[in-house]
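A.B. asks: So the chains spell out like this:
2 protein chains.
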Amino acid sequence: MVPLRTKVNKRELILTEASKLFKDRGFGGTGMRDIAEKVGMEAASMYNHIKSKDEILELICFKIADAYTTQLSEIANTEASFQDKLKQIIKVHIDLMIHDAAAVSVANNDWKYLRDEKKEEYKSIRKSYERSFAFVLEEGMKSGEFKTMNVSVALFTILSSLRWIELWYKPSRDISAEELEEELSTILLNGINI
Amino acid sequence: MVPLRTKVNKRELILTEASKLFKDRGFGGTGMRDIAEKVGMEAASMYNHIKSKDEILELICFKIADAYTTQLSEIANTEASFQDKLKQIIKVHIDLMIHDAAAVSVANNDWKYLRDEKKEEYKSIRKSYERSFAFVLEEGMKSGEFKTMNVSVALFTILSSLRWIELWYKPSRDISAEELEEELSTILLNGINI
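Chains as they are written, first to last, in the working numbering: chain A, 11 to 204; chain B, 11 to 204.
Hints listed in this document are in silico derivations from the structure and should not be mistaken for laboratory results. Do not take every clue at face value.
For chains that are exact copies, the list does not tell them apart, and a pair is met inside one copy or across any two.
Claimed, not checked - Computed cross-link-like contacts, DSS-like style, restricted to lysine-lysine with a CA-CA straight-line distance of at most 27 angstroms: (1) K152 <-> K20; (2) K133 <-> K33; (3) K97 <-> K129; (4) K180 <-> K129; (5) K133 <-> K48; (6) K180 <-> K157; (7) K157 <-> K33.
The structure presented is a predicted model; accordingly, all values stated were derived computationally and were not measured.
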């Protein structure tokens with residue numbers, strides 16, 4: 011029997027390599043054989059760790075969704091100011107995009123290939139994430155920390171303004187994750203105007 | 011012979027209906043027959059107005075690219091403050107997305123199906139648009155109107171924060187184009203903070 015610890019590591023390795031392949035070649039363009047090759051395993055023995063390509067996609071998407079959701083809920087439940095909460099949420103998005111780039115890209119783009127039931131579950135987690143994020147904005151407006159504005163407009167502007175980083179960022183850019191977080195927080199919280 | 015005026019109108023009609031079909035079914039999923047049917051023409055007589063599906067895609071993409079480029083260059087060349095220039099550029103994006111929604115969506119998403127040479131031309135127009143936009147931001151920073159920050163980060167944050175509107179906006183939303191422009195300008199120029 012494969013020891014549990016090794017099994018978990020192998021699974022993680024399979025997910026990591028699969029994320030990169032899905033990102034580069036698309037979910038449809040990647041076969042279990044390609045994944046096995048990258049991981050350095052026989053395709054047959056990979057099935058000891060994972061059932062199918064569908065299962066790999068599910069694990070990647072829900073892992074990322076869970077990372078966002080857990081961190082948002084931790085932030086929302088602190089006593090920090092709404093400004094600080096928003097800064098921390100922006101940081102979560104940028105950190106995940108930079109440190110788990112391939113998996114975030116798969117979760118953002120390939121979730122539509124999830125099987126029907128899982129796709130519905132994924133969409134409902136995303137909706138609920140948006141609702142919780144909107145609630146932080148709404149409360150921040152009520153508290154007088156944020157300008158009063160259409161909550162959906164504010165929410166989607168923020169979410170969308172964070173999306174390009176996934177496509178643009180690479181370690182060779184002359185800006186660190188911290189500087190990016192600082193600049194994005196500044197634009198969204200205080201604007202481009204001096 | 012078909013009078014020139016009617017010919018231009020027919021061509022416009024073909025582009026309008028083709029944009030909607032490309033947006034709904036994708037460029038690959040739409041045939042010349044589908045377009046002819048929507049326009050209410052025989053496929054054979056449509057070829058009096060347009061050579062191919064590739065030509066339709068080209069006309070749509072370059073029409074939109076031209077609309078953005080012309081307006082940006084007009085705005086950049088005025089004596090307005092940089093804040094006002096930025097507001098006007100934001101307005102151009104939102105107006106085009108709202109009033110020419112299907113064509114903008116095709117230009118944003120289906121340009122990758124342009125033929126090689128045209129695709130390169132299109133990409134270089136986009137690059138040059140981004141450079142001109144970046145120049146407005148850079149000059150605004152130098153003038154002291156805008157905060158000093160990484161120009162690429164500011165540019166892509168703005169461009170990306172305007173993209174979601176294309177997917178979200180429909181006339182049934184309880185917000186007008188003017189209100190959207192106002193809110194987006196406020197967030198980007200002055201931030202969410204009070």
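A.B. asks: It remains to establish, for every hint, whether it holds in the given structure.
C.D. replies: Here is how each hint holds up against the structure:
Proximity of K152 and K20 under a CA criterion of 27 angstroms is satisfied in neither setting, with 48 angstroms inside one chain copy and 53 angstroms between copies. Within a single copy, K133 and K33 get their C-alpha atoms as close as 20 angstroms, and across copies as close as 22 angstroms, so both meet the 27 angstroms cut-off. Taking the shortest alpha-carbon separations for K97 and K129, neither the intra-copy value of 30 angstroms nor the inter-copy value of 39 angstroms comes in at or below 27 angstroms. When the C-alpha separation of K180 and K129 is checked against a cutoff of 27 angstroms, the pair qualifies only between copies, where the shortest distance is 25 angstroms, while the shortest distance within a copy is 29 angstroms.
Proximity of K133 to K48 under the C-alpha cut-off of 27 angstroms is found in neither arrangement, the shortest distances being 30 angstroms within a copy and 33 angstroms between copies. Taking the closest pair of Cα atoms, K180 and K157 come within 27 angstroms of each other only across two copies (25 angstroms); inside a single copy the shortest separation is 34 angstroms, beyond that limit. Taking the shortest Cα distances, K157 and K33 never come within 27 angstroms of each other, neither inside one copy (38 angstroms) nor across copies (35 angstroms).
In summary, the structure is inconsistent with hints 1, 3, 5 and 7 from the numbered list given earlier, while agreeing with the others.
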